[in-house]
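Asks: Line by line, the protein sequences give chains A and B.
Position one of the first sequence corresponds to residue 1 (my numbering), numbered consecutively onward.
Position one of the second sequence corresponds to residue 1 (my numbering), numbered consecutively onward.
For the record, the hints were derived by calculation from the structure and aren't laboratory data.
Each residue gets a CB set at the ideal place from its N, CA and C atoms; glycine is no exception.
Hints should not be assumed to be uniformly reliable.
Stated by the list, open to error - Straight-line Cα separation of at most 25 Å, PhoX-like style, residue types lysine-lysine; simulated pairs:
{"hint": "1", "chain 1": "A", "residue 1": "Lys50", "chain 2": "B", "residue 2": "Lys2"}
{"hint": "2", "chain 1": "A", "residue 1": "Lys50", "chain 2": "A", "residue 2": "Lys155"}
{"hint": "3", "chain 1": "A", "residue 1": "Lys49", "chain 2": "B", "residue 2": "Lys2"}
{"hint": "4", "chain 1": "A", "residue 1": "Lys155", "chain 2": "A", "residue 2": "Lys49"}
To be verified - Heads up, incomplete: computed chain A residues facing chain B, CB under 10 Å, no partners named:
{"hint": "5", "residue": "Met82"}
{"hint": "6", "residue": "Asn87"}
{"hint": "7", "residue": "Gly123"}
Said to hold, decoys possible - Computed far set for chain B versus chain A, every beta-carbon distance over 10 Å:
{"hint": "8", "residue": "Thr8"}
{"hint": "9", "residue": "Thr15"}
{"hint": "10", "residue": "Cys22"}
{"hint": "11", "residue": "Ile23"}
{"hint": "12", "residue": "Asp29"}
{"hint": "13", "residue": "Ile42"}
{"hint": "14", "residue": "Leu46"}
{"hint": "15", "residue": "Leu49"}
{"hint": "16", "residue": "Leu74"}
{"hint": "17", "residue": "Asn88"}
{"hint": "18", "residue": "Asp116"}
{"hint": "19", "residue": "Tyr131"}
{"hint": "20", "residue": "Val162"}
{"hint": "21", "residue": "Asp178"}
{"hint": "22", "residue": "Thr211"}
{"hint": "23", "residue": "Asp244"}
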Amino acid sequence: MINLRYLVIYLSLVVCLILMILPLPDWVQTYRPNWAALILIYWSMALPKKVGLWFAFFTGLLVDTLHGTLLGQNALALVIIMFINLNLYQRIRVLSLPQQMFYIYSLLFINQGVIAWIEGIMGRPTSLITFLGAPVIGMLIWPWVFVILRDVRRKAMLG
Amino acid sequence: MKQVLNQTRVATMHTLILVCVCITLMIVDHRFNHLEAVRTNISLILSPLRYLVSLPALTGNWATEWFTSHNELLDDNSYLRSEVRLLNARLQKMEVLEEENTRLRNLLGSSAKLADQVVVAELLSVDQNPYRQLIEINRGTADGVNIGHAVIDDFGIMGQVVHANRHSATTILISDPDHATPIQFIRSGVRSVAFGNGNTDQLDIRYLPATADIRIGDELVTSGLGGRFPADYPVATVSVIREDLTRGFVSVVAIPKARLDSSREVLVIKPRIE
């Protein structure tokens, strides 16, 4: 029997997938933060037993299908940052939000790096602005993601 | 302590396995077509999301239609009527020409050209990978849309279908860096290939011989070579000609005819099986 309270996690996943394909003007599109990465980082910090590598892998596959990228491209990037996060989350959890932001930036940067690297192998070089822009926006949004998801988690009495 | 170490080891093992799985998936997906079924199935599960996201745009359209004033409708109506009259007049001429064409072809003994079958589709307002130029349309295999079918709007070729799901299909635009369109210059008959470069308002035609007869403003149509695109649909207009005399080549930049970034209604052309 699945615990109904854990539905909250899947619900936040659905919301994040919607945010990832929400139509935006062309010039904003390149700065779209990687919502999937942000939400996965939060849940794996809060409930590392529940949200881990396999969760990241399947989320990545969903994102790949939605975005029409190679199957496994986002999955690989998310699995890698999830691995780093699972090793470090206990130290990061005690930091203040502004300090956490730098950690989030480096994770998003690695995530972006893996994706850009794969795109590069297939002969589609990415511009520097695209490469650096999205992680910065993701980092700036992190405090809100954190606060909102923490409230959601407390309402659902998880963890 | 031992337990913690054990956990770390398990996590590392899982990561390594998943990384290998991802890399295998990517290679298989890039080189072969075996994963098309997996993609289609995941897409089917996610299709409600796509419709949900494009719902605001659809409601917006519906609302503007609903609240259009009587006068505007009358204006529209009279404009459309005159347009229909004009098109009908042109069509009459076309019919005569078509008949003449088939007669001449019969005389020459070559096969008759067949009219193409089309499906009308609408774009789903869904953003895709920022590195690529893909659009999502609301018709799929259930409506006869399949991989390789050409997609056009009312001005010219837009692209072709690369993934077909049951009720939606992903289309690659001709401006995607991975896409090449076989083309022909109408005026001079020179055949070449137009590559996308990632901008919706540019196509590159590289490595034309320096002696090729090309002028700014020349019209490009599909040549029909390669079998994907039907012949003689408008593609682009030449806007810049760059001569690289050191290498003896000419490269051309052309502006696509189709409104790649703003068309909402598109036509999918189903090729006839002969």
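Asks: Are the hints correct? Go through all of them and say.
Replies: A quick look at each hint next to the structure:
Pair hint Lys50 (chain A) plus Lys2 (chain B) holds up; C-alpha atoms about 21 Å apart against a cutoff of 25 Å. Restraint check for Lys50 (chain A) and Lys155 (chain A): satisfied, since their Cα atoms lie roughly 18 Å apart, inside the 25 Å limit. At most 25 Å may separate the alpha-carbon atoms for a hinted pair to count; Lys49 (chain A) and Lys2 (chain B) meet this at roughly 18 Å. Of the pairs offered as hints, the one joining Lys155 (chain A) and Lys49 (chain A) holds, with about 19 Å between alpha carbons and a cut-off of 25 Å not exceeded.
This hint holds: Met82 (chain A) has a C-beta 8 Å from the nearest C-beta of chain B, less than the 10 Å allowed. Because the smallest distance between the Cβ of Asn87 (chain A) and any Cβ of chain B comes to about 7 Å, under 10 Å, the interface hint for this residue holds. Using the Cβ-Cβ criterion of 10 Å, the hint placing Gly123 (chain A) at the interface with chain B is satisfied: the shortest such distance is roughly 7 Å. Non-interface call for Thr8 (chain B) relative to chain A: violated, since the shortest CB-CB distance, roughly 7 Å, does not exceed 10 Å.
Listed as a non-interface residue, Thr15 (chain B) fails to keep its Cβ farther than 10 Å from every Cβ of chain A; the least gap is roughly 4 Å. Some Cβ of chain A comes within 10 Å of the Cβ of Cys22 (chain B); the nearest lies about 4 Å off, and the non-interface call is violated. Under the 10 Å C-beta cut-off, the non-interface status given to Ile23 (chain B) relative to chain A is violated; the minimum distance is some 7 Å. Against chain A, the non-interface label of Asp29 (chain B) is violated: not every CB pair exceeds 10 Å, the least being about 5 Å.
Not every CB of chain A is more than 10 Å from the CB of Ile42 (chain B) (nearest about 4 Å), against its label as outside the interface. Taking the minimum C-beta to C-beta distance to chain A, about 6 Å, the non-interface status of Leu46 (chain B) is violated against the 10 Å cut. A beta-carbon of chain A comes within 10 Å of the beta-carbon of Leu49 (chain B); the shortest separation is about 6 Å. Every C-beta of chain A lies more than 10 Å from that of Leu74 (chain B), the closest at about 33 Å, which supports listing it as non-interface.
Once the 10 Å rule is applied to beta carbons, Asn88 (chain B) is consistent with being away from chain A; the minimum gap is 37 Å. The claim that Asp116 (chain B) is not at the interface with chain A holds, since no C-beta of that chain comes within 10 Å of its own (minimum 26 Å). Not every C-beta of chain A lies more than 10 Å from that of Tyr131 (chain B), the closest at about 5 Å, which undercuts listing it as non-interface. Chain A draws Val162 (chain B) into its interface by the beta-carbon criterion, the shortest separation being 8 Å against a cut-off of 10 Å.
At the 10 Å boundary, the C-beta of Asp178 (chain B) falls inside the reach of chain A, the nearest C-beta of that chain being 7 Å off. Distance check for Thr211 (chain B) against chain A: the nearest CB is about 30 Å away, which clears 10 Å, and the non-interface claim stands. Distance check for Asp244 (chain B) against chain A: the nearest CB is about 22 Å away, which clears 10 Å, and the non-interface claim stands.
Hint compliance for this structure: hints 8, 9, 10, 11, 12, 13, 14, 15, 19, 20, 21 are not met, and every other hint is.
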